[in-house]
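Construct all of the structure, not just a fragment, from the sequences and the given hints.
Listed below, chain by chain, are the residues.
There are 2 protein chains.
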Amino acid sequence: MTDTDSRKEIDLIDRYWRAANYLSVGQIYLLDNPLLKEPLRPDHIKPRLLGHWGTTPGLNFIYAHLNRAIRARDLDMIYICGPGHGGPGMVANTYLEGTYSEVYPDVSCDEQGMRKLFRQFSFPGGIPSHAAPETPGSIHEGGELGYALAHAYGAAFDNPDLIVACVIGDGEAETGALAASWHSNKFLNPVHDGAVLPILHLNGYKIANPTVLGRIEGGELRSLLEGYGYKPFFVEGHEPQDMHRKMAATLDAALGRIAEIQHAARRSGKVTQRPRWPVIVLRSPKGWTGPKEVDGKKVEGFWRAHQVPITDPRDNPGHLKLLEDWMRSYRPEELFDERGALRGELRSLPPAGARRMGANPHANGGLLKCELRLPDFHDFAVTVPQPGGVVAEATRVMGSFLREVVRLNADARNFRIMGPDETASNRLDAVFDVTERVWMEKIEPYDVLLAKDGRVMEVLSEHLCQGWLEGYLLTGRHGLFSCYEAFIHIVDSMFNQHAKWLKVSRRLPWRRSIASLNYLLTSHVWRQDHNGFSHQDPGFVDLVANKKADIVRIYLPPDANTLLWVTDHCLRTYDRINVIVAGKQPAPQWLAVEDAAAHCKAGVGVWEWAGTEKGDAEPDVVMACAGDVPTLETLAAVDFLRQAVPDLAIRVVNVMDLMTLRPKERHPHGLADAEFDRLFTKDRPVIFAYHGYPYLIHRLTYKRTNHDNIHVRGFNEEGTTTTPFDMAVLNELDRFHLAMEAIDRVPGLSAKASAARQELADKLAQHTRYVREYGEDMPEIRNWHWPYRTAPHAGR
Amino acid sequence: MTDTDSRKEIDLIDRYWRAANYLSVGQIYLLDNPLLKEPLRPDHIKPRLLGHWGTTPGLNFIYAHLNRAIRARDLDMIYICGPGHGGPGMVANTYLEGTYSEVYPDVSCDEQGMRKLFRQFSFPGGIPSHAAPETPGSIHEGGELGYALAHAYGAAFDNPDLIVACVIGDGEAETGALAASWHSNKFLNPVHDGAVLPILHLNGYKIANPTVLGRIEGGELRSLLEGYGYKPFFVEGHEPQDMHRKMAATLDAALGRIAEIQHAARRSGKVTQRPRWPVIVLRSPKGWTGPKEVDGKKVEGFWRAHQVPITDPRDNPGHLKLLEDWMRSYRPEELFDERGALRGELRSLPPAGARRMGANPHANGGLLKCELRLPDFHDFAVTVPQPGGVVAEATRVMGSFLREVVRLNADARNFRIMGPDETASNRLDAVFDVTERVWMEKIEPYDVLLAKDGRVMEVLSEHLCQGWLEGYLLTGRHGLFSCYEAFIHIVDSMFNQHAKWLKVSRRLPWRRSIASLNYLLTSHVWRQDHNGFSHQDPGFVDLVANKKADIVRIYLPPDANTLLWVTDHCLRTYDRINVIVAGKQPAPQWLAVEDAAAHCKAGVGVWEWAGTEKGDAEPDVVMACAGDVPTLETLAAVDFLRQAVPDLAIRVVNVMDLMTLRPKERHPHGLADAEFDRLFTKDRPVIFAYHGYPYLIHRLTYKRTNHDNIHVRGFNEEGTTTTPFDMAVLNELDRFHLAMEAIDRVPGLSAKASAARQELADKLAQHTRYVREYGEDMPEIRNWHWPYRTAPHAGR
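Protein sequences, first through last, are from chains A and B.
Using the numbering used here, read the first sequence as starting at 1 and increasing by one per residue.
Using the numbering used here, read the second sequence as starting at 1 and increasing by one per residue.
Calculated directly from the structure, the hints in this document are not laboratory data.
Among the hints, erroneous ones may be present.
[Said to hold, decoys possible] In silico DSS-like pairs for lysine-lysine, Cα to Cα no more than 27 Å straight-line:
(1) A:K186 / A:K270
(2) B:K186 / A:K703
(3) A:K682 / B:K298
(4) A:K442 / B:K297
(5) A:K548 / B:K703
(6) B:K297 / A:K452
(7) B:K442 / A:K297
(8) A:K186 / B:K116
(9) A:K298 / B:K442
(10) A:K442 / B:K292
(11) A:K442 / B:K231
(12) A:K297 / B:K452
(13) B:K703 / A:K664
(14) B:K298 / A:K442
(15) B:K231 / A:K231
(16) A:K186 / B:K231
(17) A:K452 / B:K298
(18) B:K186 / A:K231
(19) A:K298 / B:K452
(20) B:K298 / B:K548
(21) B:K548 / A:K231
[Said to hold, decoys possible] Cβ-Cβ distance ranges computed for the label pairs, FRET-style:
(22) B:E38 / A:A598: 55 to 63 Å
(23) B:K703 / A:E665: 22 to 30 Å
(24) B:K297 / A:H785: 30 to 38 Å
(25) B:D683 / A:L31: 50 to 58 Å
(26) A:T383 / B:R339: 53 to 61 Å
(27) A:T768 / B:E675: 34 to 42 Å
(28) B:R413 / A:G125: 50 to 58 Å
(29) B:G218 / A:T272: 12 to 20 Å
(30) B:G237 / A:E293: 55 to 63 Å
(31) B:D295 / A:T272: 29 to 37 Å
(32) B:A412 / A:G125: 26 to 34 Å
(33) B:A755 / A:L31: 32 to 40 Å
(34) B:K664 / A:R678: 30 to 38 Å
The C-beta atom is built at its ideal place from N, Cα and C for all residues, glycine as well.
Encoded structure:
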């Protein structure tokens, strides 16, 4: 390229950038007069000014330069906008490149369309102020900061031809999740994965403060990025022409480096050493090209530029003039023609078709999604000759199913399992028969199950597991996150944001369905007796239950075959968040696979083989249970009652799908009231043993006929390092308490029942003495098994 | 010191270390035979082996060396054990130094005591396996990894003479919270604050994987730590004598550097440049000194050493022998005398009295806590001549109160305000009249409200805000965390862990009360219309309500004077977590200060001035509200009903303290049933406008007489960027929906009511048209005020 070509190109980029900046300011301010054909009047201004200017010109600057590079190198690239509240910039750019009008034809590429574009922004009935699901090309909202880089890596995994440009604001860089995400490069394989190009955009300020990375001296910043394992490139300044030249050259250098790394790795097909991928540091003024001062106070290059730099142009004529001068400084007449269309030369800057970042199918992952190939889960079922007749570890059985899922989709490379160092400890280790853990650092001879290529990703950061998986799903792939139940709270807020994203996406016809986010929560509260109180918290599902019914499912499979069914089911669903809670310890198995399938399909059912109802009469008591340990304790309680109070008519109801408890009108899985009454009766006592905090059951059932008789036992925030059964006793969820409550709640029982109740109290005391003396549970607890030889039977 | 002295000292440290290692292994394995006076038999071994060996020898190594340094330099030092599951090490060391037996006299410094020490560990009725509240000297459990360094900095702030040694495991170093915490050095003032000495303990492995920082090449690790702004010192190896020498020399160098930095800064009283504080990197084998191999598989120096390296000594004679050889390799007879007491020379290694890290009062912060000096909140009250007669911003009024709190405690230096860059945007900026934000980086001439010394700490990381505040409170100080409501979910798991810590601490008589952790959640769901859906989530309180009733309080003050009362109250409480949810926007004020105090004291009450009840008859409908916006909408609904359906007898109940709704038996603030019935009636419809997800109200009230008639409206997960009133409409919490429901729920109303209902429906439609046309709320909404001239009146 000659100097003249280069100057022309720089000039073109600059004009394109001005166009994007003009459209960004227009969105924040204007109701009308979009092309400034008239002098600006107060009634052209929105009555409420909502938006974030500060980061926007930098985002636009990057977008314009990436456009040039995509065209020059025919790149497959998406743009993750960490500072998502620079929404006006993302919208402006997708409008300029034409994708916005393709998705929203009423926002056309003319004056009328531009008026709509401006008006709808942050306006009731319009679009949000962030890079939201509504924004074409976005897979990341960036409202809650921290997850841009993890999303970027998730998108890049198994997408060898994709480059994910990821802009990280210096505010976001202070968050924990982002700080950890830099190390994602230890898990990215240059042969099979794409590339992430982080662009650390330092404008130096957040809402009202300088930022840490914006202010530390340059040597430290370089060390930090090198310490994270990157090769940093710096672009710093404020004079546009100079900055354009630097940015273009730096982007070329960084993209060149990516190409070299990939070429070298792919030529040999091997990775001997983790590459030092490039990172670009762009230092530019906050609110760049905006007003330098307002009322004598510094705005450009300072935090006052963060939101709306001129707040009252409707009421303050001087400020109205300032705004008009600012907007006219972009010379809109040079950028748009009379009809409001982008002038011809500028239209040639962005790439075409699916190369446009707003139209890249990776950013609407459902377009690229292939169905997972799933084995027949029946093949992995535990043989259960009779209820309780065999012992198995539920997650280990699930692991054998997952092994086949990994195997069947190995060529498609579209399924990954994430977990914080717990895949084996959660007993999913059968997957290691067919794959390894990804690890790009040195592998020692004595290391096991590590490889440069693998389907399992383990890092001691729930944030990374969640962020990677979200990025992976949003770009059209599938996965599972297995986590200690208590520590999934670390990503409560990320779950929240993903649920919000799904809720909005489902309403947008152009956004195609993506695979569900599947959680396996194991090493759960009742089997964390060895790690103690800090590891005991079943409250994540309470949060989940707050979200829109369309989105969330909560499953509590009581044994291995039900867990198999649920796993298979969840992997087939779309646009949901499925939470599966299941234990990993050896436990009695209740249902043969066909019965398990029938039970799971219903979601809730009577276990007739367990109860003692006769004929059509209502039972004396309903023993309900949800979760593996509550089910075990309930059945042990029923065993006791059957022997000690043989006249008692007991019904056992197992709830596998928690959402069945909600009213039919409130959740697609909710039972109709009549069906609920049929299961739980209208007036009999229900002793409900529940896996988590008892309130959730009340909150789900408070409208049911028999609610006043539902007595829930669950985790009562009592825990420590102790035995498994003692954990149940501490929270009064154990067989003895359950059986006692059944006796107490049924009126008019015989003297035999009183004797039985005393026996239960004695057993409790005996347990406590024994466990404190011997440090393990009494043999009668450890060795208890369901003693009745009944053919297994499906729920009704 | 001569070479001989040095050799003797190293030898002493090594023996001391062996003693700690011996006691650690004993805790994991032994029921009896603590001094190995007999050959080890299966019945000496615990039936369930629960504990983490891998990190423990390194923790013991550090502890022994710190002991030497404390004694040599008379240091005031505490030990934060990031790898908290190395609990056996912390317990062993506090036992060796004598503090354990002082706190728990039955665990005496003799054979009998050692037997108890071993037996109680991870044993039912005994102590947890982590460095828990039960462990003297601990302010950090480390069960959920990530918060060690933030806690350490929190402890160091305003404790100029304290050095906080903070061990960070390489597993924890992968977490987001820890990764962000390194930057805490940008907020630590060498003049007024103490020092943090991070010790990055790399043993290379987590549960089943190598670790990122353990495997990256040394140059990157050095760059990373230098990039974080530290001066790194490395201690690497495995040969004990060599390692002791290196560690002693390195500790001397690092502590010398700390002393120099502090001396230089304190001599001048000024900080010109942020110091490069030292960090020590200790690379030692995982499971150091434990079995090298078990059954031919590598254990020492590998992840197999993570928990219990020999799992079956009770059943496997070869493994029993291996265990015995391991324990005897420490030569217990050289360490303990016949009676089980530590031999004399070793007793002189640790420091004495309160210099022992297990006895340091900073680690039992209640011992050092001084009461806050609080101004009279009445002085800051808004004058409310009549309900609704004046408009104010609640948090701004609170800010003026906080300003005085800051001022009155400036000399005591024991009160800080934390927030993610939002103190001013949350309108607490009056505090900046008397203090600044702490900032150790360069301060530019145009910067505002930044200083090297200040009471406000702002960083865009909720993890740091929470972690710093926890560390600050646990060491006996006071504070407040102000946060956007939606983003407090980022620290859900930290809240959980702090609540667990408080719950256990309260049961330990020797742990003294600490100040409550106070949250101000503002910029809340109903006033995040400008930031949109990602910023709208009121679910944190749902999580809070799961915790033990002793610990948690949730306050929803409806206006400024109630917020003042609540703030004053919360700052006076101990051992709690207080959550205050309050808005920052201009809003009508309801209660004069005396009425506010009476209302807040009761926690809930009838606002007689608002209702239309007459005499002793029950009202037709109860309009209940909790939260500022629900209160506003309820009163606007009541205003409409008073005019449109004048015969309707309305009672208005405001709930300020959410816990009053719980049964008296379940929460100390819970209303007795009779009192609840008196407020909410036994059978009248209750239209309950609630700030958050409606389910919480149901879950709190499901046992109340009138529960079936309580109809709750709240946040229904509908949000976007729109107007404030439109947010209420989207969730059907607005005045029109509330008034319509009141009409619908009261049977037998007149034709006038039907007309009123139609008017409401029309208004709703009119609102939607208007807001989409003009982008702001209708004047009748914006300008609505409570039109009745009534003297303000306390709740009853």
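Going down the list of hints, with the structure as the test:
1. A:K186 / A:K270: 15 Å, holds
2. B:K186 / A:K703: The given pair, whose Cα atoms are some 53 Å apart, is violated under the 27 Å limit.
3. A:K682 / B:K298: 61 Å, violated
4. A:K442 / B:K297: 20 Å, holds
5. A:K548 / B:K703: 26 Å, holds
6. B:K297 / A:K452: 23 Å, holds
7. B:K442 / A:K297: 20 Å, holds
8. A:K186 / B:K116: Roughly 46 Å separates the two Cα atoms, so the pair is violated.
9. A:K298 / B:K442: This hinted pair holds, its Cα atoms lying about 18 Å apart.
10. A:K442 / B:K292: 22 Å, holds
11. A:K442 / B:K231: At roughly 26 Å apart (the allowed maximum being 27 Å), K231 of chain B and K442 of chain A satisfy the hint.
12. A:K297 / B:K452: 23 Å, holds
13. B:K703 / A:K664: Answer holds: K703 of chain B to K664 of chain A is near 23 Å, not above 27 Å.
14. B:K298 / A:K442: 18 Å, holds
15. B:K231 / A:K231: Since the Cα atoms of K231 of chain B and K231 of chain A sit roughly 22 Å apart, the hinted pair holds (cutoff 27 Å).
16. A:K186 / B:K231: Roughly 25 Å separates the two Cα atoms, so the pair holds.
17. A:K452 / B:K298: 22 Å, holds
18. B:K186 / A:K231: 24 Å, holds
19. A:K298 / B:K452: 22 Å, holds
20. B:K298 / B:K548: 44 Å, violated
21. B:K548 / A:K231: 50 Å, violated
22. B:E38 / A:A598: 55 to 63 Å: Distance hint for E38 of chain B, A598 of chain A holds at roughly 59 Å.
23. B:K703 / A:E665: 22 to 30 Å: 24 Å, holds
24. B:K297 / A:H785: 30 to 38 Å: 34 Å, holds
25. B:D683 / A:L31: 50 to 58 Å: 52 Å, holds
26. A:T383 / B:R339: 53 to 61 Å: 59 Å, holds
27. A:T768 / B:E675: 34 to 42 Å: 37 Å, holds
28. B:R413 / A:G125: 50 to 58 Å: 52 Å, holds
29. B:G218 / A:T272: 12 to 20 Å: 18 Å, holds
30. B:G237 / A:E293: 55 to 63 Å: 59 Å, holds
31. B:D295 / A:T272: 29 to 37 Å: Holds: the Cβ-Cβ distance is about 33 Å, inside 29 to 37 Å.
32. B:A412 / A:G125: 26 to 34 Å: Violated: the Cβ-Cβ distance is about 53 Å, outside 26 to 34 Å.
33. B:A755 / A:L31: 32 to 40 Å: 36 Å, holds
34. B:K664 / A:R678: 30 to 38 Å: 36 Å, holds
Consistency with the previously given hints fails for numbers 2, 3, 8, 20, 21, 32, ordered from lowest to highest.
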